[in-house]
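2 protein chains.
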Amino acid sequence: MNMSKQDECNNPIPTVDTIIHNDSQVLFIKRVKDPFEGKMVFPGGFIKKGETAEEAAKREVKEETSLDIELDHILGVYSDPARDPRGHIMSTVFIGNISPNSHSKEPIAGDGAAAIKWVSIEDIEQEDFGFDHKKIMKDYKEWKQSKQTSWSSRSKSKINE
Amino acid sequence: MNMSKQDECNNPIPTVDTIIHNDSQVLFIKRVKDPFEGKMVFPGGFIKKGETAEEAAKREVKEETSLDIELDHILGVYSDPARDPRGHIMSTVFIGNISPNSHSKEPIAGDGAAAIKWVSIEDIEQEDFGFDHKKIMKDYKEWKQSKQTSWSSRSKSKINE
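Protein chains in written order, with this note's numbering: chain A, 51 to 211; chain B, 51 to 211.
Pulled out of the complex, with its shape left as it was, chain A reads as follows (with noise of 0.2 Å):
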């Protein structure tokens, strides 16, 4: 992404992230590069324009891990302006999973991941995440138990911050 043109946009700039999970375990990359390098992410970019955010998040899956997903779920929309340290750039987070018709079965380490890992929800204390994926896989944890989206979950008092 062009870093000075995105400056020149009085809006957030819009990205995908993608929790692609199986019954205990979720997909993660470790990240090449900065902000967050060697930090766990989940799979996930920008949207590029003439795009939707589903066609980006299943692009960004490829790209990153080789596999072909399918989207099931809007986790929510995360906008703190905070949460990314080059600017103010809001992510709409998809749950999916692996095709059954994905051409590669397994993930592979492809571009801007330099390692890929399986983590287990029960772990999430353990591992070391980029941006504010943490949050994210406790919404998920949470979301995961009550099948809603992480905005139906949380308390009236918590929506309304």
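There could be a bad hint or two in this list.
If chains are identical, the list can't say which one is meant, so a pair holds when it fits in one copy or spans any two.
To be verified - Straight-line C-alpha distance at most 27 Å; calculated DSSO-like pairs for lysine-lysine:
(1) 191 / 80
(2) 188 / 112
(3) 194 / 80
(4) 185 / 98
(5) 83 / 99
(6) 99 / 155
(7) 191 / 98
(8) 194 / 98
(9) 89 / 194
(10) 194 / 99
(11) 191 / 99
(12) 98 / 184
Hints are computed from structural coordinates only; laboratory data are not their basis.
Once you've looked at the hints, dock chain B against the given chain A.
Relative to the frame of chain A, chain B by itself:
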């Protein structure tokens, strides 16, 4: 919004729309300007750099209807590049209701709103909606029956279009 500046951006521009509902009706405003002048739309608008999506939703509803609202759910994220004739503009659609503490108890048409109208979810076909708000109303109707995000309530085949 400065449209010439927007054109310089490499990514879709993020907006919010809010479905303010009671048991059987949804609040619409009649647009005062193009695109879709005179059409019925949800209150909403552009997210400014430095504010969250939730803050933008509440601010826009306040400006356009004078109401203070509470946000409860995210219906979906609508990002079809063709949904807005001004360019690639994507919207996070919240579901909310009038806050019990709202200063104004009834909506009053404000900035960008020629009129206010409560529309019954049974009357979707009788109304003339702007943007993709008819589609969103249909997704809302489906969500209201299933109590899930529009994503969750769609069939697998539709999600992976």
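Now the hints, each set against the structure:
1. In the homo-oligomer, the alpha carbons of residue 191 and residue 80 lie at most 27 Å apart inside one protomer (21 Å), although the nearest pairing across protomers, at 41 Å, exceeds that limit.
2. Only within a single protomer do residue 188 and residue 112 lie at most 27 Å apart by alpha-carbon distance; the minimum there is 25 Å, versus 32 Å between protomers.
3. Taking the closest pair of Cα atoms, residue 194 and residue 80 come within 27 Å of each other only inside a single copy of the chain (24 Å); across copies the shortest separation is 39 Å, beyond that limit.
4. In the homo-oligomer, the alpha carbons of residue 185 and residue 98 lie at most 27 Å apart both inside one protomer (25 Å) and across protomers (23 Å), since each shortest distance falls under that limit.
5. For the identical chains of this complex, residue 83 and residue 99 are neighbours both inside a copy (24 Å) and across copies (25 Å), given an alpha-carbon limit of 27 Å.
6. Taking identical chains as interchangeable, the C-alpha atoms of residue 99 and residue 155 are never at most 27 Å apart, the minima being 30 Å within one chain and 40 Å between chains.
7. For a Cα distance limit of 27 Å, the shortest separation of residue 191 from residue 98 qualifies neither inside one copy, at 29 Å, nor across copies, at 30 Å.
8. Taking the shortest Cα distances, residue 194 and residue 98 never come within 27 Å of each other, neither inside one copy (30 Å) nor across copies (32 Å).
9. Proximity of residue 89 and residue 194 under a CA criterion of 27 Å is satisfied intra-copy only: 24 Å inside one chain copy versus 39 Å between copies.
10. Taking CA atoms no more than 27 Å apart as the test, residue 194 paired with residue 99 passes in neither setting, with 32 Å inside one copy and 31 Å between copies.
11. In the homo-oligomer, the alpha carbons of residue 191 and residue 99 never lie at most 27 Å apart, since the shortest distance is 32 Å inside one protomer and 29 Å across protomers.
12. With identical chains, the CA atoms of residue 98 and residue 184 are at most 27 Å apart both within one copy (25 Å) and between copies (26 Å).
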